[in-house]
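Under the working numbering, the sequence shown has 233 at position 161, and the numbering climbs by one with no breaks.
It is possible that part of the hints are untrue.
Unchecked claim - Under the rule of at most 25 Å between Cα atoms (straight-line distance), these lysine-lysine pairs were calculated in the BS3-like manner:
hint	residue 1	residue 2
1	287	89
2	264	287
3	243	264
4	160	113
5	297	264
Simulated from the structure, these hints should not be mistaken for laboratory data.
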Amino acid sequence: MISFAEQSLMALMETRKPNLDGAYGLTTPADSKRFYAGWAKSYDQDFAADAEYLLPQLTAQGFISAGGRGPVLDAGAGTGLCGEALAKFGIGPLDAADISPDMLAEALRKDVYRDVIEADLLAGIPMPRGYYRGLVSSGTFTHGHIGPEALPALLRVTAAGAQFALSINAKFYRKAEFGAAFDRLLRGQWIKDLTLPEVQIYGQGTSRGSTDEYKDDTAYIALFKKA
Numbered sequence: 073m074i075s076f077a078e079q080s081l082m083a084l085m086e087t088r089k090p091n092l093d094g095a096y097g098l099t100t101p102a103d104s105k106r107f108y109a110g111w112a113k114s115y116d117q118d119f120a121a122d123a124e125y126l127l128p129q130l131t132a133q134g135f136i137s138a139g140g141r142g143p144v145l146d147a148g149a150g151t152g153l154c155g156e157a158l159a160k161f162g163i164g165p166l167d168a169a170d171i172s173p174d175m176l177a178e179a180l181r182k183d184v185y186r187d188v189i190e191a192d193l194l195a196g197i198p199m200p201r202g203y204y205r206g207l208v209s210s211g212t213f214t215h216g217h218i219g220p221e222a223l224p225a226l227l228r229v230t231a232a233g234a235q236f237a238l239s240i241n242a243k244f245y246r247k248a249e250f251g252a253a254f255d256r257l258l259r260g261q262w263i264k265d266l267t268l269p270e271v272q273i274y275g276q277g278t279s280r281g282s283t284d285e286y287k288d289d290t291a292y293i294a295l296f297k298k299a
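Can you make the complete structure from the sequences, with help from the hints?
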């Protein structure tokens, strides 16, 4: 039986234009699928372009500058903005994984992915152990989405020495205790060479509308290798 709170959230999603507030308020995988089903077709223009969303490009640049190479998994790929940025630099092959089939359909239209994988990152990714030589994720480690509990599933599908570039909302980094999670992975020799450059999520020249509240937000690009 659907609870009153779930019914209220569903009604809100159906009557309001999707925006960052709605994305940050998601609480379940089912919520995410419903929400992004309504945002997928307009996401690139209504959010990414209008808000001058820099994070996909900056995540891709971090991966490349760290020496990342393919095959690469784009985890939480959304509409494929990070994969598109990687492809422009000749990085590939690229696969995309996301919980939303509607967002993956938009990613496929960019014609940069070899394959797309519908998957809840918290439940694991249906790919062979140690398959990828690189992994990127842009915009997924944030409020209403996933936290450090997803890191083991990402490590499972990557080979030793694989380069990671994960964007993590800076406020969420502290709230979800990513620092402690990375310390455990370093001590356990699961990862090495961790750096955390901080970047602006949004540019300064474009009208953001509903994202004005977040215009000065930053993210860390967690760059590390699987040990």
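Handout entry: Proposed proximity, residue 113 with residue 160 (alpha carbon, max 25 Å)
Key = The hint holds at about 22 Å.
Problem - Holds or violated: residue 243 to residue 264, with C-alpha atoms at most 25 Å apart - result: Measuring from Cα to Cα gives roughly 24 Å; hence the hint holds.
Problem - Satisfaction of hint between residue 287 and residue 264, Cα-Cα up to 25 Å - result: violated, 32 Å
Exercise for the section: Take a quick look at whether residue 287 and residue 89 sit within 25 Å of each other, Cα to Cα. Expected result: holds, 19 Å
Problem - Hint consistency between residue 297 and residue 264 [alpha-carbon to alpha-carbon, up to 25 Å] - result: Satisfied, since the Cα-Cα distance of roughly 5 Å is no more than 25 Å.
When the structure is compared with the earlier hints, a violation turns up for hint 2 alone.
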